[in-house]
Structures are given as structure tokens and as C-alpha cells.
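Enquirer: Sequence:
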Amino acid sequence: MTDLNGFAVFARVVELGGFTAAADALGLSKSVVSRQVSALEDELGVRLLNRTTRRVAVTEAGAVVFERAQRIVAEAEEAAAEANCIEGQVRGRLRINAPMSFGILELGPALPAFVARYPDLDVDLVLNDRRVDLIEEGFDVSLRISALEDSSLIARQLAPVERYVVGAPAYFEKYGMPARPADLAAHRFLLYTLLSRPEQMSFAGPGGAREDVAVRGHLFCNNADAMLPLLRAGAGLCLSPDFVCHEELRTGRLVRALEDWSMPPLRLHVIYPHTRHLSAKVRAFVDFAAEHFGPGKARWIQSPSSSG
3 MTDLNGFAVF ARVVELGGFT AAADALGLSK SVVSRQVSAL EDELGVRLLN RTTRRVAVTE
63 AGAVVFERAQ RIVAEAEEAA AEANCIEGQV RGRLRINAPM SFGILELGPA LPAFVARYPD
123 LDVDLVLNDR RVDLIEEGFD VSLRISALED SSLIARQLAP VERYVVGAPA YFEKYGMPAR
183 PADLAAHRFL LYTLLSRPEQ MSFAGPGGAR EDVAVRGHLF CNNADAMLPL LRAGAGLCLS
243 PDFVCHEELR TGRLVRALED WSMPPLRLHV IYPHTRHLSA KVRAFVDFAA EHFGPGKARW
303 IQSPSSSG
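Each number in my numbering corresponds to the 1-based position in the sequence shown with 2 added.
Honestly, the hints are just simulated from the structure, not real lab data.
By construction, the Cβ of each residue, glycine as well, lies at the ideal position given by its N, Cα and C atoms.
It is possible that part of the hints are untrue.
Simulated DEER-style distance windows between Cβ atoms [unchecked claim]: (1) Ala172 - Phe222: 19 to 27 Å; (2) Ser33 - Leu197: 57 to 65 Å; (3) Gly29 - Pro111: 34 to 42 Å; (4) Glu45 - Arg73: 16 to 24 Å; (5) Glu17 - Gly296: 33 to 41 Å; (6) Ala181 - Asp135: 43 to 51 Å; (7) Ala118 - Ser33: 39 to 47 Å; (8) Glu17 - Arg234: 46 to 54 Å; (9) Ala115 - Leu6: 34 to 42 Å; (10) Ala27 - Gly254: 55 to 63 Å; (11) Glu138 - Asn7: 26 to 34 Å; (12) Gly29 - Ala115: 31 to 39 Å.
All chains should be modelled from the sequences, with the hints used to inform the complete structure.
Expert: Listed below in C-alpha cells is the structure:
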């Protein structure tokens, strides 16, 4: 039977670019690492590396074996993670990506319970509003409020995200409450710039009515949280996700317009790369996200809205 340790050692030599670096990473002597690779070459009957005094270069056959060796190592690591999960031991480092506003308002407050549940897990949370490449940038899992476009990823649907036209009571007292979407064209808007067409809005209304309207932006911003002080001050209206504005609506600091009209809802997803076996740490976070942000469980949906 093939010695799988040889594949693991060979993969580390290629990844780190040499025998010395691989030996240091593996906690072995350089001579042991060299013998492992030589033994693998003898067993396979091919040369995997061209060695010089300064560097090692992967042969054509070595490149093929390296790709398979990486898979073998990954499968072994996933098997270990599965075993740890069965024993209740979720370990390692979990890299999470999430939108900025959602991460601050919802994920951040939920994370203490997650890290308390898995004390042996290190969490690396990165917040931004750009579309990240999970595999290229080394993320284990991501929360996204959008449709899944990359077929190499798996998405689990969580809570819906509604969007409301909101403004301060003082704004509506000064400029009036719009009666239908077409009226929005006469109002001042704060626009979220990371949408593809933030000035274009489509609404569905009573009796199946539909209205599209182009609004005019007077202030532009790439973060929804930063708009809240401006909204409270009556600077304009905004199309706001419910998880951002639900507390403002509950307290009456903001008021929802056009309550009989709705925008097409978005949906929160938890997304992770496709693998044959889901690692224990990713499974733990996916299950946790479903507990906190699944359909009917998200706190922004449960909170009542105030209207004017």
C-alpha cells in the first residue's frame, strides 16, 4: 500500500518551495524530508522534482502528483475535522467574510455565543461590502445578501431581507408623505453606491400594480450605517434594508413610506466552497448562522415597525 505520508511531505515541499522550509514546517529533519520524497519517486517510478543546490523545480509528472497530493492532504484534514466534530471538538482557524453593516449590527452581537460554544476555534472576521472570492482570498465561509452566482460555491438560504423607503418624521412634515412610488421622483434621496443602479427602483403594490421610478440622489455613500445620522437629521429619504432600519422604525426615529408597496426582497445566504465533506468548523458556523438568521428567527423580522 502506498505510503500517504510521502504525498503529504511532497506537497509541503512544493508549497513552501524547498526541503528546508518543508522540514521546518513539519518538524522533521531535512534528510528525512528528502528521503520521503525520494521514496515516493521510487514507488511511483517517476521523477517529481528537479533538484539543484539553490532550488527545486516541479516536473510535469510532479505537477500532476502535487495536485492529487493536495487533495489527499485536504481529505485527511477534513476527516480529522469530522472526527473532532463528532467528539464535540471544533478546532482550528475559521475565516469569515460578511457585509460591513450586517457584520456590525447583526453578526457581531451574535458571535460571542458562537465563540463561547467553540472555545478551541479561532475566528478571523473580515467585514467589507465588495464581492470577495472565497477560494482566492482564503475564506472558509461568507454571509451575503445577494443571489449566488458562482457555481463552485454552496449557498444555504437564511432570512429574507426587505427594503423600505424610510425618512425622518421631520422630513415628511416638511416635504410631505409620498402616496405612490412615482412621487419619489420629487424627493431628495441618499443612495447606496454599491448597488448596480441605485437610482432605479421597482415596486409592487395593491392589486398587482407595478411602478418603476428613477430617483435623484443628493448624497451618495457606500455604507448603510453612515446614512442613519443623515436620515435622522432629515437630509432625505433612503432605501434601507430592514436589518439596518428596524430599530429606527421601532423607536419612531425613522418612518416607513409607501407601506402598501414593496420592493422585491433580497435574501441572506451563508456561502462556502464546495467540497466532498464539509469541515467541522464550517458546519458549526453554518448551523449557528441558521439558528440566529434562519427564516423566522432573525430579530429584525420579529421586531415591529413604526409608521407615520
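Enquirer: Now tell me, hint by hint, if it's right for this structure.
Expert: Now for the hints, and whether the structure bears them out:
Hint check: Ala172 to Phe222, Cβ distance near 22 Å, so the stated range 19 to 27 Å holds. Judged by the Cβ atoms, the range 57 to 65 Å given for Ser33 and Leu197 holds: they are separated by roughly 59 Å. For Gly29 and Pro111, the Cβ-Cβ distance of about 40 Å falls inside the hinted range of 34 to 42 Å, so the restraint holds. A beta carbon spacing of about 18 Å between Glu45 and Arg73 agrees with the range 16 to 24 Å that was offered as a hint.
Between Glu17 and Gly296 the beta carbons are some 38 Å apart, a value that agrees with the proposed interval 33 to 41 Å. Remark: the range hint 43 to 51 Å for Ala181 to Asp135 is upheld by a beta-carbon distance near 44 Å. The beta-carbon spacing between Ala118 and Ser33, approximately 45 Å, falls within the hinted interval of 39 to 47 Å. At roughly 52 Å, the beta carbons of Glu17 and Arg234 sit within the given window of 46 to 54 Å.
The given range of 34 to 42 Å is respected by Ala115 and Leu6, whose C-beta atoms sit roughly 38 Å from each other. Ala27 and Gly254 have their C-beta atoms about 59 Å apart, which keeps the hinted 55 to 63 Å range intact. Between Glu138 and Asn7 the beta carbon distance is about 29 Å. The supplied range of 26 to 34 Å therefore holds. Take Gly29 and Ala115: their Cβ atoms lie about 36 Å apart, and the range 31 to 39 Å holds.
Of the numbered hints stated above, none is contradicted by the structure.
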